[in-house]
Each structure stands twice: as structure tokens, then as C-alpha cells.
Amino acid sequence: MRIAILSANPNLYSTKRLLEAANQRGHEGVIVNHLNCHVMIEGGKPSVLYEGQELDSFDAIVPRIGASVTDYGCAVVRQFEMMRVFTTAKSQAITRSRNKLRSLQVLSKAGVGLPKTVFANHPKNGDVMQLIKLVGGPPVVIKLLEGTQGIGVVLAETTKAAKSTIEAFYGLKKHVLVQEFIAEARGSDIRAFVVGGRVVGAIKRQGAEGDFRSNIHRGGNAVAVQLTPHEEQTAIAAARALGLKVAGVDMLRSDRGPLVLEVNSSPGLEGIEHATSSDVAAEIIAYIEDKIRTDEGDTVGV
Numbered sequence: 001m002r003i004a005i006l007s008a009n010p011n012l013y014s015t016k017r018l019l020e021a022a023n024q025r026g027h028e029g030v031i032v033n034h035l036n037c038h039v040m041i042e043g044g045k046p047s048v049l050y051e052g053q054e055l056d057s058f059d060a061i062v063p064r065i066g067a068s069v070t071d072y073g074c075a076v077v078r079q080f081e082m083m084r085v086f087t088t089a090k091s092q093a094i095t096r097s098r099n100k101l102r103s104l105q106v107l108s109k110a111g112v113g114l115p116k117t118v119f120a121n122h123p124k125n126g127d128v129m130q131l132i133k134l135v136g137g138p139p140v141v142i143k144l145l146e147g148t149q150g151i152g153v154v155l156a157e158t159t160k161a162a163k164s165t166i167e168a169f170y171g172l173k174k175h176v177l178v179q180e181f182i183a184e185a186r187g188s189d190i191r192a193f194v195v196g197g198r199v200v201g202a203i204k205r206q207g208a209e210g211d212f213r214s215n216i217h218r219g220g221n222a223v224a225v226q227l228t229p230h231e232e233q234t235a236i237a238a239a240r241a242l243g244l245k246v247a248g249v250d251m252l253r254s255d256r257g258p259l260v261l262e263v264n265s266s267p268g269l270e271g272i273e274h275a276t277s278s279d280v281a282a283e284i285i286a287y288i289e290d291k292i293r294t295d296e297g298d299t300v301g302v
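Position 135 (the sequence shown) corresponds to 135 in UniProt numbering; numbering is contiguous.
Don't read these hints as lab results, they were simulated from the structure.
Using 20 Å as the maximum straight-line C-alpha spacing, the simulated EDC-like pairs for lysine to aspartate or glutamate come out as follows: (1) 163 - 180; (2) 109 - 180; (3) 16 - 28; (4) 204 - 279; (5) 116 - 127; (6) 109 - 262.
Full structure from sequences and hints, please.
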């Protein structure tokens with residue numbers, strides 16, 4: 001097979017590992033910078049142009065779409081879908097997962113455990129206090145809708161701090177989510193890596209000293225962890241609800257069971273492969289092989 005890894009940075013660990021895994025399993029892996037792709041729209045003949053050449057010979061794509069270029073990246077993925085090329089992440093699923101509010105709404109409908117979260121459209125002073133009370137705060141977690149890798153996530157430990165932070169974000173015309181703080185998680189979370197409806201690895205991420213955010217990009221560390229059956233079921237259900245076949249599901253261990261924070265449609269491989277010694281990249285390529293071999297790729301999903 002010819003497999004395209006859609007990535008704007010060929011030097012990223014995840015991009016290199018996927019390319020390596022594809023080649024090691026006897027396929028032709030190619031890195032394609034989706035930001036340099038041109039989408040050609042023509043009646044009955046959708047196509048993608050890259051460096052002046054039409055990309056018409058790929059069997060599958062693995063989207064690695066950065067959050068800052070979601071719209072354009074998804075337009076390219078959607079075009080491949082129209083060309084009936086199998087993708088490990090459909091454009092609609094990527095878009096849905098990138099919107100924190102929309103993804104939480106979908107997960108809530110699916111019955112997945114979630115921290116209490118409220119959203120309001122630029123509330124007035126009294127309404128801000130009500131938002132804080134609704135999630136049982138303080139302390140409360142305040143998140144920008146478009147934040148990634150822990151950026152735009154603030155822990156407000158007092159009512160005054162929460163009110164000031166919320167008002168400051170609204171003053172900048174930013175939409176925010178106000179979420180309950182799960183104290184028993186103690187600054188750690190669980191990332192379960194789901195491929196093709198099963199968990200292929202899981203890590204516990206602990207925030208840097210003094211930082212409640214557990215993101216590895218923020219200085220946190222990761223160790224392999226064994227999931228409980230409930231946690232494994234929750235991770236699989238969350239990925240399924242958002243329509244993601246390859247996903248990183250971030251959860252908190254709470255007194256009332258696993259609570260999903262976010263489902264990442266383009267999860268990094270470095271942390272989980274190093275911590276678990278698992279070949280997650282090979283799992284992704286094997287999943288592509290299985291879907292194409294059984295002709296159940298369901299490639300059209302615009």
C-alpha cells in the first residue's frame with residue numbers, strides 16, 4: 001500500500017515513527033505537508049494537488065493535523081475522503097474533537113463520565129458567580145475553548161481569582177468553559193491510546209511540581225499504567241462517540257469513576273511509546289491493513 005502521513009513537520013517524533021512503521025511493514029510511506037496541498041474542486045472529479053502533482057495513488061492517509069490549522073487540514077482530509085481514500089481520522093471527527101464544547105456535548109449524550117462543566121455567552125457579574133457555584137467551586141478550572149497542550153487552562157483557587165480570570169477572558173472576547181476541579185486526581189491524568197476500538201497502551205501523566213496541568217509539553221512526566229475495566233470501557237466509548245478510530249483519551253481518576261477531559265484526534269506517540277515500550281505506530285499501520293484488507297474502510301464521510 002501507499003500510505004500518506006499528513007504532517008506539516010517531518011521532524012516530529014510521531015511523523016517519523018509512522019513513516020518508519022509503514023515502511024517496516026512493507027508499505028510505501030510518504031510524508032505530505034497538508035498545508036502545501038491544493039484542493040481541486042470539480043464536478044465529479046475531486047482531486048488534491050501537491051507540488052504540482054495530482055495525488056491519486058494513495059490507499060490510505062494518516063492525518064496529523066495541528067490545532068492551529070484545523071480548518072484547512074480538515075478540508076484536505078475531506079477531499080481525500082471524497083476521492084475514496086481510507087483515513088484513520090475523518091474530517092468531521094477531527095473537527096468535532098477540536099471543539100471542546102461540542103465534544104463534551106457529544107460525550108455527555110453518549111453517557112460518558114465528565115467533570116461538571118458550564119458554558120455561557122459573556123455573562124454579567126451575577127452570572128459569573130453563578131457559573132462558579134454550579135461546578136462546586138472554588139477551586140475551579142477555567143479553559144479557553146481553543147486552547148491546546150494546557151495553554152489557556154487556569155486553576156482559580158478562590159472565588160475572587162475565578163471571577164477575575166473569567167472576566168479577563170471575556171474582556172478579550174474569548175469563550176471559556178468553567179469546570180469542576182477534581183482534587184483527588186492530584187495533578188495527574190490518564191491517557192489511553194485507542195486504535196480501532198481497543199486500548200493499545202495507557203500512561204499516567206503527572207504535572208510538574210506546582211502545576212496542576214499534567215501535559216508532557218508543560219513539563220509533566222509519564223509512566224505506564226494498567227487501566228481498570230471501567231477506565232478501558234470509558235476510553236473506548238469516548239473515542240467511539242466522537243467517531244475517532246485513532247485517539248488519545250484523557251481521563252481523570254475521580255471518586256465517582258473515570259471522567260473524560262478531552263479526546264485528542266492527533267495524539268502524540270513519543271510519550272506513550274517511551275513509557276510503555278509499545279509500538280503504537282505499528283498498531284496504527286496494522287489497523288489500516290486490516291480495514292483495507294476486509295474492505296470495511298467506510299471511506300466516504302463528507
